[in-house]
Amino acid sequence: LLELSDYFVSPSTREFALDQIQAHCFHFDAPVLIELSYRYHTRIFFRSAFERLVKMPLHKLTEKEEKLLGDYLMVVVAKVKESILESRQIIACEAPEIKHHYPDCANNVLCESDWYAIWWNGMGRFLLDGRHELSWDEAISRFENMQFGDVGEGCRKAMILQLKQGDAYRQGENLIKITADELASRIQELDGSL
16 LLELSDYFVS PSTREFALDQ IQAHCFHFDA PVLIELSYRY HTRIFFRSAF ERLVKMPLHK
76 LTEKEEKLLG DYLMVVVAKV KESILESRQI IACEAPEIKH HYPDCANNVL CESDWYAIWW
136 NGMGRFLLDG RHELSWDEAI SRFENMQFGD VGEGCRKAMI LQLKQGDAYR QGENLIKITA
196 DELASRIQEL DGSL
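Position 34, counted from 1, in the sequence shown is what my numbering calls 49; the numbers after and before it change by one each time, with no gaps.
Hints may contain errors.
As the list claims (entries may be wrong) - Listed next, the in silico DSSO-like pairs over lysine-lysine satisfying Cα-Cα at most 30 Å (straight line): (1) Lys79 x Lys114; (2) Lys179 x Lys114; (3) Lys70 x Lys94; (4) Lys75 x Lys172.
Keep in mind that the hints were calculated from the coordinates and are not lab data.
Start from the sequences and build out the full structure, keeping to the hints where you can.
Given below as structure tokens:
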């Protein structure tokens, strides 16, 4: 339908076809959607397709999909994935510091010691699990349900709240969105370089 809209110079048909693709975008592979975005100069589904592409393992891309994306986009995706992995590794290894202990905390030293142990054995594992990568929110949800040993309940609640509110922990998601928006803004400029 998109090709026909170009052939017959029909903007309404083009818009209808793009709306249908957007409505059913999860039926299309991310590389196909990105290629359609560039070919038809549209940003409608580019960000969601780019997000899906970054989250999928690169080894699962077929040779045909790699060609659809082109060298430039493959390098961008690899750099974004590497930045996200590096960020996750740093977060996994550096537990946030308990800055204030609550009255129900029986022993501040044991509380901190257990907090760090639970962080490394829980959140560290959740963030770096190569077989089943979890999003930040999924990792927090699982982390929340762990046993916290001698960590005081007030300290535990405060730290979980800090994790849920922390923008620093969502850097990977933000990087994907920023990169996708930057690439989408350059769709016409990059046309033909895919």
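Do the hints match the structure? See the list:
At roughly 52 Å between alpha-carbon atoms, Lys79 and Lys114 are farther apart than 30 Å, so this suggested pair is violated. Restraint check for Lys179 and Lys114: satisfied, since their Cα atoms lie roughly 16 Å apart, inside the 30 Å limit. Taken as a hint, the Lys70 and Lys94 pair is honoured in the structure, with Cα atoms around 13 Å apart against an allowance of 30 Å. Only pairs whose Cα atoms come within 30 Å are accepted, and Lys75 paired with Lys172 is rejected, the gap being roughly 40 Å.
Figure legend: structure checked against the earlier numbered hints; hints not met, in rising order: 1 and 4.
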